[in-house]
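Chemist: This is what each chain is made of:
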Amino acid sequence: MKIAAFVKQIPDQAAPQALDPDSFRLVRSGKMIIDDSDSYGVEVSLQLAEKLGAEVVVVSMAPGQETSGVRTALAMGAASAIVVSDDQLAGADALLTARVLAQAVSRTGADLVVAATESTDGYTGTVPAQVAALLGWPALTFAKELEVDGSTVRIKRQTEDGFDEVEAELPAVVSVTAGSVVPRYPSFKGIMGAKSKPVELLSLADLGVAAEVGERVLGVRDAEARAAGEVFEDDGTAEERIVAFLDEIKVL
Amino acid sequence: MLVVMSCIFARQPRRERFKVHQEFSEVQLQLAATVADFVSSEVLPNAGAWDEEHRFPIEQVRMMGEMGLFGIVFPEEYGGGAGDFTSFCLAVEELAKGDASIAITLSAGVGLGANPIYQFGGEEQRQRWLPQLCTGSALAAFGLTEPDAGSDAGATQSRAERTGSGWRISGSKAYITNSGTEMTKVITVTARTGQGISAFVIPAGAPGLTVEPAYRKLGWHASDTHGLTLDGVEVGEESLLGEEGRGFRQFLAILDDGRISVAALALGQAEACLRESLAYAKTRNAFGGPIGRFQAIAFKIADMETAIEAARALVYRAAGLKDHGAPFKKEAAVAKLFATEAAVAAAREAVQIFGGAGFIEESPVARYFRDSKILEIGEGTSEIQRMVIARSLGLPV
Ligand SMILES: Cc1cc2nc3c(=O)[nH]c(=O)nc-3n(C[C@H](O)[C@H](O)[C@H](O)COP(=O)(O)OP(=O)(O)OC[C@H]3O[C@@H](n4cnc5c(N)ncnc54)[C@H](O)[C@@H]3O)c2cc1C
Ligand SMILES: Cc1cc2nc3c(=O)[nH]c(=O)nc-3n(C[C@H](O)[C@H](O)[C@H](O)COP(=O)(O)OP(=O)(O)OC[C@H]3O[C@@H](n4cnc5c(N)ncnc54)[C@H](O)[C@@H]3O)c2cc1C
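Chains D and R, in that order, give the protein sequences.
Numbering-wise, the first sequence is residues 1 to 252 according to my numbering.
Numbering-wise, the second sequence is residues 1 to 397 according to my numbering.
Worth flagging that the hints you see were computed from the coordinates, not collected in a lab.
For glycine and all other residues, C-beta sits at the position ideal for the given N, C-alpha and C.
No false leads were mixed into what you were given.
Per the computed footprint, the stretches of chain R lying under chain D, defined by three or more beta-carbons under 8 Å from a beta-carbon of chain D, are:
hint: 1; region: 60-73
hint: 2; region: 80-90
Coverage of chain D stretches by chain R, computed from C-beta distances (three or more under 8 Å per stretch; other residues unrestricted):
hint: 3; region: 71-81
hint: 4; region: 178-189
With the hints as constraints, model all of the structure from the sequences given.
Modeler: Spelled out as structure tokens, the structure:
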């Protein structure tokens, strides 16, 4: 069995970020790293692979044949990677991204895709379901736990007040939530070993995907600054007032 | 005159060729980034509490073991990573940016603990200890210093006497790092045998070996340090490390390696001081603006940066020479001397930049101030480094 783990490589969130003033897309020129969200997906994939004796192949679409984030996943224990890079992909929307990734998945021969629920930078949260639709596979989303039993994949789907148990037959696409597992730190041996693991670099032509973009970002506005919070001085009634407040905003 | 000139020319040593720019490999950079990640999620948020509670962070040290940090420099056949010394120094430096105590746990665990067993141990000793040490399921210590023998390690008074089946060792050791943790499995000690000094590998918990209560230290509160009492500790023939009577030479060689990693630790410490000072200088206001606009403050930070750049060049030059199999004794001493004094100066100035807040334990720089001083003392004092350097220049000190 093969598991395709999606890895989006994104600009280092610790470094200052900028939007391109014309396309409103994130400037992706600096150092790129594995999206934190995907380190959970990779960890889930690796744990599953270790249990099943399966193999994890990393799939990524990224500008400039970027591989540094993919190397992290390889150092964590994935066996190989496919990276799709093409100048024509600059400004790709979520659907084009999904078409590229779905095509790449077909090449791997994987029967399970593990993605994160949403990326840290683009954050549309649409890619996993789109990939599933394009492949014609069921999408099991918001998984906080994932197990495979024969040809059945079973997840615990995070809900507002608990979880649902959802299952489907393989092949399938699963998106996992952040915090579901503790991603391992790559070991030194893993880092050394990652050097010699195969990374296949592909272009759009290799995949036979056309660079059609149906969506355009027309404008971006700053989010409203967060208003100052309310301070409850404890005069003996603070607890009641806090409970009333939480009740009012419907989090209780 | 001409004769003298030509004489001077003839005596100029040929300039050594070496790379001016230190370029790190992909693997080295990825290791440094991984350790930096570990530091930001596991070390920085906890180091203050470990310090306050004098707690050895065993959970994080075990994680470092799983990451293979204790095995970086050792061959794969012993569970190591077959990496170079430069990589190891990068790991120590990154850890020290978060906390000096956890960095010395690694530096001493490898440099003083596992290294003698690898360098001088026979195949049986290596197989017995290195795999557990490399994976961090065990920790090793090295007991050289004694109450009456520190810089003058040749004055060692502990004694080992032959028994029918091995050796009986008695004496006491002082200030031994990593010697009393839950995961300490083995301690190498030096002791007098016949004419010379020899080294012995003693399993933790050996009858007659007492690990004294932990010292109360000025700094390095999260590092484990104890005195040891050896009262007729009996060990087998196989526990003699290397040749009898060669112990003195052995530990001198060991200390040369250790000096580079302590210098890397000092570099990380100085970088932590710079990071905190810079952030504070930008955000602390006085007289209507951030204190960083005062030249007196800005220049302290400029001096810190300068010393850090110089220390970095010295540390990785020494490490690079070692990796290339070139002599590095003097360069290790130079790097240790300069980097540790730079760290102490950086910590002192960081506290000054923080003003009163720097004297309060909640500020990280108060901890850096207490933690840095030992760097000028351990693994060869600054005076001893100057002696090594002066001797390498032919002076009879
Ligand atoms: C400000 C801004 C606004 C945008 N608005 C829109 C918009 O309205 N509509 C639209 O279609 N696009 C939009 N985009 C573009 C979109 O972010 C990109 O197309 C992106 O490549 C895919 O979407 P995502 O990151 O939001 O993915 P998500 O759907 O949030 O990603 C979910 C998961 O899918 C996987 N994944 C996603 N991308 C990759 C990849 N490149 N390689 C490997 N795995 C991946 C990862 O596991 C990821 O965690 C916008 C981008 C920006 C910067
Ligand atoms: C926290 C901590 C951890 C340690 N860990 C270990 C460990 O794991 N293993 C271990 O074996 N040891 C360890 N040590 C001991 C350390 O290496 C010694 O303290 C150090 O080498 C200095 O020896 P000393 O304390 O006996 O000082 P001394 O040798 O008594 O020196 C006192 C002063 O005299 C100076 N001096 C001595 N000789 C000369 C000279 N010839 N010329 C000029 N000045 C001189 C010294 O520089 C110093 O300023 C540790 C110490 C500490 C505090």
